[in-house]
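> So the chains spell out like this:
Number of protein chains: 4
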Amino acid sequence: MTQLLKNYAVLLLSCPDRKGIVASVSRFIYEHNGNIVHAEQYTDTEKGRFFMRIEWELEGFKLKRKQISSFFSPLAQRFQMEWSLHFTDYIPNVAIFVSKTSHCLYELLLRQQSGEIGANIRLIISNHPDLKPVAETFGVPYYVFPVTPENKEKVEQEELLLLKEHKIDLIVLARYMQILTPAFVAHYPNRIINIHHSFLPAFAGPHPYHQARERGVKVIGATSHYVTAELDAGPIIEQDVIRVSHRDRIADLIRKGRDIEKLVLARAVKLHLENRIIVYENRTIVFDT
Amino acid sequence: MTQLLKNYAVLLLSCPDRKGIVASVSRFIYEHNGNIVHAEQYTDTEKGRFFMRIEWELEGFKLKRKQISSFFSPLAQRFQMEWSLHFTDYIPNVAIFVSKTSHCLYELLLRQQSGEIGANIRLIISNHPDLKPVAETFGVPYYVFPVTPENKEKVEQEELLLLKEHKIDLIVLARYMQILTPAFVAHYPNRIINIHHSFLPAFAGPHPYHQARERGVKVIGATSHYVTAELDAGPIIEQDVIRVSHRDRIADLIRKGRDIEKLVLARAVKLHLENRIIVYENRTIVFDT
Amino acid sequence: MTQLLKNYAVLLLSCPDRKGIVASVSRFIYEHNGNIVHAEQYTDTEKGRFFMRIEWELEGFKLKRKQISSFFSPLAQRFQMEWSLHFTDYIPNVAIFVSKTSHCLYELLLRQQSGEIGANIRLIISNHPDLKPVAETFGVPYYVFPVTPENKEKVEQEELLLLKEHKIDLIVLARYMQILTPAFVAHYPNRIINIHHSFLPAFAGPHPYHQARERGVKVIGATSHYVTAELDAGPIIEQDVIRVSHRDRIADLIRKGRDIEKLVLARAVKLHLENRIIVYENRTIVFDT
Amino acid sequence: MTQLLKNYAVLLLSCPDRKGIVASVSRFIYEHNGNIVHAEQYTDTEKGRFFMRIEWELEGFKLKRKQISSFFSPLAQRFQMEWSLHFTDYIPNVAIFVSKTSHCLYELLLRQQSGEIGANIRLIISNHPDLKPVAETFGVPYYVFPVTPENKEKVEQEELLLLKEHKIDLIVLARYMQILTPAFVAHYPNRIINIHHSFLPAFAGPHPYHQARERGVKVIGATSHYVTAELDAGPIIEQDVIRVSHRDRIADLIRKGRDIEKLVLARAVKLHLENRIIVYENRTIVFDT
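Residue numbers (the working numbering), protein chains in the order written: chain A, 135 to 423; chain B, 135 to 423; chain C, 135 to 423; chain D, 135 to 423.
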């Protein structure tokens, strides 16, 4: 699935559905000598909207990277497209927010190390010092910002400065047990990914495993979603579940849950970093084949 | 898992946890020359309660079936047990309630026909005539009771008469689109099994697939539970899920959901009929190995 | 996923990979006023081969159905395409071969009845009379051809006559316990779908569950594949698995296996009938999104 | 599932099936004032053999640990039991063998660190120096033994010395790419656990992903098993699978496979260390509830 070695352009677009979109976009690429290596489309017939992800080789392509946007722009306007252009050799800058639990952090660091996730993990921010040794092992700077109700706004300002300074493209909340303010979230629309340890919309809030045990469910889940101003209500990127039974106490649910939390989060981050997601009306279109 | 040909006694029990329960129960069986073929236990350490399912061969057992309860009673009292005794050659009488969709009904009838579910399906009750031909194919009497807000109570009285007449042990709501009154439910505590087409507690109520589509979930579920006075809030017996994507419209969710609804319901009914479930404080202990 | 009500053309093609394929095909459709509703492509970079499935609305399309092939032909030749054209309102004729077990047969008949599988099930052929009542329930003609080593060739000749007479497009072996001769298979290349009750290539041959029990596996599988001259070695369309344990005896494996056999077979048949499969060098490219 | 804080005795036993086993064993425990917290049994009716795992609290138990075996021995002889006694506060010594890939090693080290796996990981042995930094991060001694066909026997002698010196109870082959000699294996019967990167018995041998790609399977698997003299043929402990498609190249299969390899291995190691496995005639009875 991931394209190795070669460089590619990736175009993500959506527009009102009408005839000629695919023909026009593919002709644009072909006319400039591009070889399409992957394309995926989706039409939401209820809303009459068309979505597309198209990927082509940059080698031999007759437009320079800087030119592509301006040359594509007239076509985009004709079809009233919302669109974004990406290059697969750009490695996005990522900041990870954590609290005290390490499994999601390790998962991201190990997958980055093994090359599965293409990211520059520039820094780790935490409200606790506990995971500093993990950060050091992987050579990632670790910043501690203790958060209280009183200093929250001020802390977020400092964090934002740090994030801007490192040109962060994506923030990953890897079991960060603080709620970000809407003001903070507004700086990174659809660019903050959270992992919630339940199968949303069931068991939103801070204690999903206790609720799951109380209700006697036979399956527990994990949900990765973009963070919006409303808690646990942002566009869902990925979900998965694991079977449990009456024998599983809270501690067992936490242990079993870890295995899906980290997997679901890692998948969501990978999808985002590979530019496979379009958000539309609080839902995600995920081009994952 | 199911024991074929031979006859067995099954004892389901729960009591405050203390020493000597297993020793006493197994000695009771051994003293009367019984061969234990399966036993499973569970201790809820938080609540200090012990649960057990134990199964032994009736062949060679020195107590007659009618005697077992009275001989076991003193032991049960000593440990303050709640308990029930079952024999595997008793085939329970089952009534199935349906509305217009057939997939759950077919699933139960076919599994009964193939011997997977040991049940006498004595009758099918519906608020619509649509599925009569299915019932006829399998030779099961089909009763139509159109339900309106006005006649609901009266209809339920007639249904109860019919159920008593056929000595019904278990009622299965196989996508029956009517809510039973608490008065009706009270006649069959933990003996009415429903299938809800969502992963409860997410999306309770009548339109789970529409809610799932609206929320943009990546997994949909089905839940089988005992019916209690509170809608969709009874003890969960079994749940399962299936992956969906942004491409799946309501019609696709309905189609995909059918496959898990019927499986989840069939599993729950089988577990109940094999006396593998104990209900305790609105949760189920399921002995399924 | 399935397109309802409207009629669509579906083009399946493969050719050596080169620039301009997507642009040319999409322009062909656009020039004749077609609206592409779905397109999916795949490039096998090792073999340098391009595969595509593209679907467009026939309403408003300026070529008549009969014209499309001849108009498309020059483009196809230029790119050295292997291709086939299909229309979604053509309902293929299907023959089902069975022996004595009914679960796969029921699954296909019920899904056809509910509209999930778009097929005219024209006839059922068996080497045993056992499932005649099932066929009658659904109003499908049932032909019994007892097979012996001596009469096999002759029987296949008669079956072929019957299949030609009914213009059968697809043969489904729904747990048919006879091996078809290579001569028979040659009449329906990539148009005979079998269900094998193991996770191929493990446990090929007639007794997979016995082998699975003997080897002590913890998961069993089912495999649906196109039938070729070599037994159980044709292109795999779909596979799935289910967990088992040391407790599962042969009878339990057979029971559990039924649930995945019928699902895997039904999915494979649906994929074929919706023209989502291209076979290339004994493997399938499955366009299933 | 795991018992925390308190200490327990675990008895694993198997014997010819006959009446009175459960009664005798549970009475033995009760007579010495033991509280059974978990018990699980299985009868292989084909072979007429009974298997049991029973766990009771040591606190208040009137036999000292050293006495239990001699007191239990007469009962065991009467029933011709094969049996072993374990204490949950004994933390087994584990050696991990690796080559160059790190994902399985990390999985074990991280789960040990988080307390999910109760093991003293005493040393890591490798035929390559590559993973030394990982070992150092977790403070585990790392020994490099380059292996050639010529020196294999001699190397194994040195390794055995090291293992004896550290009183190793369990060897885990975490993607160790060398075949151990039968002579070596004989020192640790049912105490060497391997992870094979396929769904055995499919694709035994060194290149399962290449074979999987070649055969065009739609699901790949991983298998954890005890190592025996015959390659990839030992008793299977745990298996799992993941879906793949025609799009997945060898590199993708390797990537996807990693996720199940490490999970399947970790589960098998945990089951072994918790004394939940009995091996009988090259199959495992796994008491996992």
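Among the hints, erroneous ones may be present.
Same chains, same label: a pair holds when it works inside one copy or across any pair of copies.
[As the list claims (entries may be wrong)] Lysine-lysine pairs mimicking BS3-like chemistry, simulated, CA-CA at most 30 Å apart: (1) Lys181 - Lys200; (2) Lys200 - Lys288; (3) Lys390 - Lys298; (4) Lys266 - Lys198; (5) Lys266 - Lys196; (6) Lys181 - Lys196; (7) Lys140 - Lys404; (8) Lys140 - Lys153; (9) Lys234 - Lys390; (10) Lys140 - Lys181; (11) Lys181 - Lys266; (12) Lys181 - Lys298; (13) Lys140 - Lys196; (14) Lys404 - Lys153; (15) Lys404 - Lys298; (16) Lys390 - Lys140; (17) Lys200 - Lys404; (18) Lys234 - Lys140; (19) Lys390 - Lys181; (20) Lys153 - Lys234; (21) Lys288 - Lys196; (22) Lys181 - Lys286; (23) Lys404 - Lys390; (24) Lys404 - Lys266.
Everything labelled a hint here was simulated from the structure, so no lab data went into it.
> Now, for every hint given, state plainly whether the structure supports it.
Hint check:
1. In this assembly of identical chains, the alpha carbons of Lys181 and Lys200 never lie at most 30 Å apart, being 33 Å within a copy and 33 Å across copies at closest.
2. Within a single copy, Lys200 and Lys288 get their C-alpha atoms no closer than 38 Å, and across copies no closer than 62 Å, so neither meets the 30 Å cut-off.
3. Taking the closest pair of Cα atoms, Lys390 and Lys298 never come within 30 Å of each other, the shortest separation being 36 Å inside a single copy and 34 Å across copies.
4. Taking CA atoms no more than 30 Å apart as the test, Lys266 paired with Lys198 passes in neither setting, with 43 Å inside one copy and 45 Å between copies.
5. In this homomeric assembly, Lys266 and Lys196 never come within 30 Å of each other (Cα to Cα): the closest approach is 47 Å inside a single copy and 47 Å across copies.
6. Proximity of Lys181 to Lys196 under the C-alpha cut-off of 30 Å is restricted to the inter-copy arrangement: shortest distance 26 Å between copies versus 36 Å within a copy.
7. When the C-alpha separation of Lys140 and Lys404 is checked against a cutoff of 30 Å, the pair qualifies only within one copy, where the shortest distance is 18 Å, while the shortest distance between copies is 37 Å.
8. In this assembly of identical chains, the alpha carbons of Lys140 and Lys153 lie at most 30 Å apart only when taken from different copies (16 Å versus 32 Å within one copy).
9. Both within a single protomer and between protomers do Lys234 and Lys390 lie at most 30 Å apart by alpha-carbon distance, with minima of 18 Å and 28 Å respectively.
10. In this homomeric assembly, Lys140 and Lys181 come within 30 Å of each other (Cα to Cα) only across copies, at 17 Å, whereas the closest approach inside a single copy is 37 Å.
11. In the homo-oligomer, the alpha carbons of Lys181 and Lys266 never lie at most 30 Å apart, since the shortest distance is 48 Å inside one protomer and 39 Å across protomers.
12. Taking the closest pair of Cα atoms, Lys181 and Lys298 never come within 30 Å of each other, the shortest separation being 36 Å inside a single copy and 45 Å across copies.
13. Taking the shortest alpha-carbon separations for Lys140 and Lys196, only the intra-copy value of 16 Å comes in at or below 30 Å, while the best inter-copy value is 40 Å.
14. Within a single copy, Lys404 and Lys153 get their C-alpha atoms only as close as 32 Å, which misses the 30 Å cut-off; across copies the closest is 28 Å, which meets it.
15. For the identical chains of this complex, Lys404 and Lys298 are intra-copy neighbours only, at 22 Å inside a copy versus 44 Å across copies, given an alpha-carbon limit of 30 Å.
16. Taking the closest pair of Cα atoms, Lys390 and Lys140 come within 30 Å of each other only across two copies (22 Å); inside a single copy the shortest separation is 39 Å, beyond that limit.
17. In this assembly of identical chains, the alpha carbons of Lys200 and Lys404 lie at most 30 Å apart only when taken from the same copy (26 Å versus 46 Å across copies).
18. Within a single copy, Lys234 and Lys140 get their C-alpha atoms only as close as 39 Å, which misses the 30 Å cut-off; across copies the closest is 26 Å, which meets it.
19. Taking CA atoms no more than 30 Å apart as the test, Lys390 paired with Lys181 passes between copies only; the shortest distance there is 22 Å, against 39 Å inside one copy.
20. For a Cα distance limit of 30 Å, the shortest separation of Lys153 from Lys234 qualifies neither inside one copy, at 52 Å, nor across copies, at 40 Å.
21. With identical chains, the CA atoms of Lys288 and Lys196 are never at most 30 Å apart, being 49 Å at best within one copy and 62 Å at best between copies.
22. In the homo-oligomer, the alpha carbons of Lys181 and Lys286 never lie at most 30 Å apart, since the shortest distance is 40 Å inside one protomer and 40 Å across protomers.
23. In this assembly of identical chains, the alpha carbons of Lys404 and Lys390 lie at most 30 Å apart whether taken from the same copy (22 Å) or from different copies (13 Å).
24. In this homomeric assembly, Lys404 and Lys266 come within 30 Å of each other (Cα to Cα) both inside a single copy, at 24 Å, and across copies, at 28 Å.
Figure legend: structure checked against the earlier numbered hints; hints not met, in rising order: 1, 2, 3, 4, 5, 11, 12, 20, 21, 22.
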